[in-house]
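Just so you know, the sequences run in chain order A and B.
If you read the first sequence in the numbering used here, its first letter stands for residue 1, the second for the next number, and so on.
If you read the second sequence in the numbering used here, its first letter stands for residue 1, the second for the next number, and so on.
Hint data in this document are derived by calculation from the structure and do not stem from the laboratory.
What you are looking at is a predicted structure, and each value in this text was computed from that prediction instead of being measured.
Careful: at least some of the hints might be erroneous.
Quick partial rundown of chain A residues pointing at chain B, CB under 10 Å, derived from the structure [unchecked claim]:
id : residue
1  : R49
2  : D51
3  : G397
Every beta carbon over 10 Å from chain A, so not counted as near; a handful from chain B, in silico [claimed, not checked]:
id : residue
4  : S33
5  : E48
6  : A87
7  : G189
8  : D232
9  : N247
10 : I253
11 : D271
12 : S330
Ideal placement from N, C-alpha and C gives every residue a C-beta, glycine not left out.
2 protein chains.
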Amino acid sequence: MAPRTAEIIAVGSELLGSTRTDTNSLYLAERLSALGIDLRIKSVVGDEREDLATMFRHAFGRSDLVILTGGLGPTDDDLTRDVVSDALGLPMTPDETIVTKIRGRFERRGMTMPEVNRRQAQVPRGAVVLDNPNGTAPGLFIDHDGKIVILLPGPPRELQPMFELLCAGPLQDRASDERAYRTSIFITGRGESHVEQAVQPIYSRWRDANPPISTTILAAMGQIELHLVLRDRDEARGRASLERARNELLAAIGDDVYSTDGRTMEQVVGDLLASRRYTFAAAESCTGGLLTSRLTDVPGSSSYVRAGIVAYAYEDKTALLGVPKAMIESDGAVSESVAVAMAEGIRERTGADVTVGITGVAGPGGGTDKKPVGTVVIAVIVPEKPVYVRTYSFIGGRAMVKFQATQAAMDRIRRMLT
Amino acid sequence: MAPRTAEIIAVGSELLGSTRTDTNSLYLAERLSALGIDLRIKSVVGDEREDLATMFRHAFGRSDLVILTGGLGPTDDDLTRDVVSDALGLPMTPDETIVTKIRGRFERRGMTMPEVNRRQAQVPRGAVVLDNPNGTAPGLFIDHDGKIVILLPGPPRELQPMFELLCAGPLQDRASDERAYRTSIFITGRGESHVEQAVQPIYSRWRDANPPISTTILAAMGQIELHLVLRDRDEARGRASLERARNELLAAIGDDVYSTDGRTMEQVVGDLLASRRYTFAAAESCTGGLLTSRLTDVPGSSSYVRAGIVAYAYEDKTALLGVPKAMIESDGAVSESVAVAMAEGIRERTGADVTVGITGVAGPGGGTDKKPVGTVVIAVIVPEKPVYVRTYSFIGGRAMVKFQATQAAMDRIRRMLT
Chain A
1 MAPRTAEIIA VGSELLGSTR TDTNSLYLAE RLSALGIDLR IKSVVGDERE DLATMFRHAF
61 GRSDLVILTG GLGPTDDDLT RDVVSDALGL PMTPDETIVT KIRGRFERRG MTMPEVNRRQ
121 AQVPRGAVVL DNPNGTAPGL FIDHDGKIVI LLPGPPRELQ PMFELLCAGP LQDRASDERA
181 YRTSIFITGR GESHVEQAVQ PIYSRWRDAN PPISTTILAA MGQIELHLVL RDRDEARGRA
241 SLERARNELL AAIGDDVYST DGRTMEQVVG DLLASRRYTF AAAESCTGGL LTSRLTDVPG
301 SSSYVRAGIV AYAYEDKTAL LGVPKAMIES DGAVSESVAV AMAEGIRERT GADVTVGITG
361 VAGPGGGTDK KPVGTVVIAV IVPEKPVYVR TYSFIGGRAM VKFQATQAAM DRIRRMLT
Chain B
1 MAPRTAEIIA VGSELLGSTR TDTNSLYLAE RLSALGIDLR IKSVVGDERE DLATMFRHAF
61 GRSDLVILTG GLGPTDDDLT RDVVSDALGL PMTPDETIVT KIRGRFERRG MTMPEVNRRQ
121 AQVPRGAVVL DNPNGTAPGL FIDHDGKIVI LLPGPPRELQ PMFELLCAGP LQDRASDERA
181 YRTSIFITGR GESHVEQAVQ PIYSRWRDAN PPISTTILAA MGQIELHLVL RDRDEARGRA
241 SLERARNELL AAIGDDVYST DGRTMEQVVG DLLASRRYTF AAAESCTGGL LTSRLTDVPG
301 SSSYVRAGIV AYAYEDKTAL LGVPKAMIES DGAVSESVAV AMAEGIRERT GADVTVGITG
361 VAGPGGGTDK KPVGTVVIAV IVPEKPVYVR TYSFIGGRAM VKFQATQAAM DRIRRMLT
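Can you build the whole structure from these sequences, using the hints too?
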């Protein structure tokens with residue numbers, strides 16, 4: 001049967017703590033979406049047999065595909081295989097070819113396979129074993145009662161190639177001919193309620209269209225995202241509707257849209273720099289190098305990112321960037337004149353075409369009545385345009401202020417280069 | 001009744017996409033743990049009435065406390081209030097004081113309250129309304145059949161103060177006198193299997209102790225975490241057992257442990273720099289400013305972080321850091337001599353006490369047979385010690401290589417200053 005709906009259950013008490021997120025589910029969500037399978041629910045369950053059994057039974061009852069990640073290790077804590085075989089009434093038998101493979105992995109590292117690892121060779125009746133080239137735990141693909149259950153190991157570098165090579169194909173073969181089409185619009189520079197006001201009349205009309213388009217508005221740090229989804233059997237018709245809806249939304253929002261193809265702000269700015277053959281350099285204070293780091297997260301960014309100088313201390317703003325000491329004393333380190341002098345200083349020192357100066361109060365300390373925490377001054381220089389400088393007030397903690405400042409700086413470059 | 005077990009249900013189709021993580025559950029996991037309440041399951045459910053109703057009924061059936069986040073907005077998609085009141089059989093009535101508050105919020109911004117917002121004033125019978133100073137959606141606290149259900153809005157800046165001010169107290173009052181005590185050990189510089197080998201005999205003994213201590217080993221990017229948890233009614237006894245177990249583990253792992261109190265690597269290094277009154281500056285190439293940015297994520301870091309120079313291009317390594325052009329040509333930009341010259345160059349230019357030079361191949365392009373992707377050279381200079389330099393080979397994609405390089409650089413500073 002073609003799986004239309006899916007659930008993901010991540011197994012492991014450690015994933016319930018405050019220090020870890022379940023990154024596998026993000027990857028799987030994207031892959032399922034590409035396969036036209038709706039993800040309905042995702043959950044994280046600790047290493048408790050009863051909880052996992054209940055969650056799995058309910059998931060199997062209501063969805064066509066259940067993917068369980070983690071809990072396939074050799075120890076008593078690793079319950080996933082047992083729970084699934086119990087719930088589906090599939091007895092398990094050991095598979096000696098798996099034992100041989102696991103033993104080989106240990107031997108190649110000069111070690112002896114501990115006996116506990118034999119647990120990993122238990123296979124429920126009828127399950128297809130999914131080879132794991134990057135770890136000891138094999139995965140399992142179970143086609144049962146017209147539904148599919150997939151068990152994958154927890155480490156992303158094991159899970160991802162296994163899903164790609166061994167699961168995506170069989171799921172694709174079974175997939176329905178109705179596909180989900182998605183598009184997104186990323187916006188920065190205006191608040192959520194203003195975006196909502198502008199777009200609500202448009203998306204409510206498309207929601208009632210045939211086929212309907214559902215829209216989600218997402219306010220993330222420093223940006224608003226509109227996600228549009230449509231399901232259709234006819235690809236040409238589906239894509240055309242989606243594009244019309246997207247174009248209406250774009251017309252309503254205008255140049256606050258920075259991306260319509262899922263590219264991040266750093267990719268958008270990087271592509272603009274690359275297409276104009278401009279080089280880039282930043283002079284950062286309160287953002288501490290985050291702007292340069294974000295821009296260099298993009299593969300290939302070494303072709304346009306020249307350099308960055310983080311001048312946290314006053315004397316380094318003078319020594320490294322040539323900001324006049326008298327200017328810092330008279331105007332303050334967080335001032336429009338200093339931000340411009342930083343952008344000019346890095347331009348002189350690197351010869352980069354596009355430069356930025358950022359100075360501000362990231363907090364939690366250092367705020368004053370006139371320049372409270374969140375005050376950030378951004379100067380941007382691009383060829384053949386007047387120097388841009390503006391004082392922003394950002395809300396939130398230190399990390400949020402840093403991020404929003406880098407977002408605003410990149411958005412300004414984008415607007416000046418577009 | 002004292003809630004011992006909890007579940008978190010995050011509501012919203014957007015949280016099922018590949019671009020967003022449910023950060024609220026990380027915050028709530030930490031707060032519940034501090035209150036001695038076990039988090040058993042957390043889930044994300046889309047805006048589908050039936051799915052949410054099923055998940056809520058099961059969660060309410062098996063756990064003492066259910067926290068639902070999101071889905072409290074004014075639109076038809078916002079189902080949480082309706083589903084909970086239906087499932088518990090509590091009829092809803094409008095609360096005019098809420099309407100007045102919401103209307104006030106709109107009026108202060110010169111706007112008229114849309115009629116749809118009246119939905120947010122619906123209150124199930126017996127529920128305590130939780131005031132939301134940062135948004136329109138009030139929360140709800142429901143004490144029903146000896147269990148507790150809490151509804152909170154999705155945006156973290158609304159949810160967190162509401163939980164802190166309005167939920168933590170009442171939960172604390174109801175909490176059992178048996179508390180969970182936790183400690184963690186953060187390790188870097190050795191692989192997961194080596195850590196496991198060293199600590200397994202110790203933690204398996206404590207697992208069988210009375211009261212037992214459970215240990216979770218977590219391999220995150222560039223670090224291994226051991227999390228120890230013990231539950232006891234007697235705080236002194238509980239803490240003493242936990243400390244003995246922790247000390248045994250510390251003895252077995254030695255100086256690969258960088259933190260035993262939850263501090264991040266950047267905090268640990270920052271505290272070492274501050275306590276020695278040393279200043280810091282970095283010369284970065286492949287990490288693109290991430291090292292300086294991570295160190296400046298720590299509040300108060302401006303007292304020791306002097307400056308950073310990101311020299312991506314060859315000519316900037318020479319112009320900004322004084323790396324001899326001939327050295328780059330003869331040894332290559334990714335070489336131990338260049339890394340040392342970068343660390344020396346930034347030290348000369350800033351006068352900082354502790355300096356780092358990082359150069360490498362972050363990928364995906366740029367690798368060669370001799371210097372494949374993941375090759376990173378790190379040089380560290382601290383007062384009164386010989387210059388340190390080493391060539392590392394990191395695995396993973398661009399972001400992972402960048403992160404691991406900054407982690408290794410900070411760990412080296414830690415070891416050299418300890």
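Hint check results:
A hinted interface residue such as R49 of chain A counts as satisfied when its beta carbon comes closer than 10 Å to some beta carbon of chain B; here the least separation is about 12 Å, so the hint is violated. Of the supplied interface hints, the one on D51 of chain A holds, with its beta-carbon coming within about 6 Å of a beta-carbon of chain B, less than 10 Å. This hint holds: G397 of chain A has a C-beta 9 Å from the nearest C-beta of chain B, less than the 10 Å allowed. With a cut of 10 Å on Cβ distances, S33 of chain B falls inside the contact zone with chain A, its closest approach being about 7 Å.
Chain A draws E48 of chain B into its interface by the beta-carbon criterion, the shortest separation being 7 Å against a cut-off of 10 Å. Distance check on A87 of chain B: its Cβ is at least 15 Å (rounded) from any Cβ of chain A, clearing the 10 Å threshold; non-interface status holds. Distance check on G189 of chain B: its Cβ is at least 19 Å (rounded) from any Cβ of chain A, clearing the 10 Å threshold; non-interface status holds. The Cβ of D232 of chain B sits about 18 Å from the closest Cβ of chain A, beyond the 10 Å cut-off, so the non-interface label holds.
Distance check on N247 of chain B: its Cβ is at least 22 Å (rounded) from any Cβ of chain A, clearing the 10 Å threshold; non-interface status holds. Remark: the non-interface label on I253 of chain B is consistent with the geometry, its nearest Cβ contact in chain A lying 18 Å away (cut-off 10 Å). Here D271 of chain B stays apart from chain A, with its beta-carbon at least about 16 Å from theirs, past the 10 Å limit. Against chain A, the non-interface label of S330 of chain B holds: every CB pair exceeds 10 Å, the least being about 21 Å.
Figure legend: structure checked against the earlier numbered hints; hints not met, in rising order: 1, 4 and 5.
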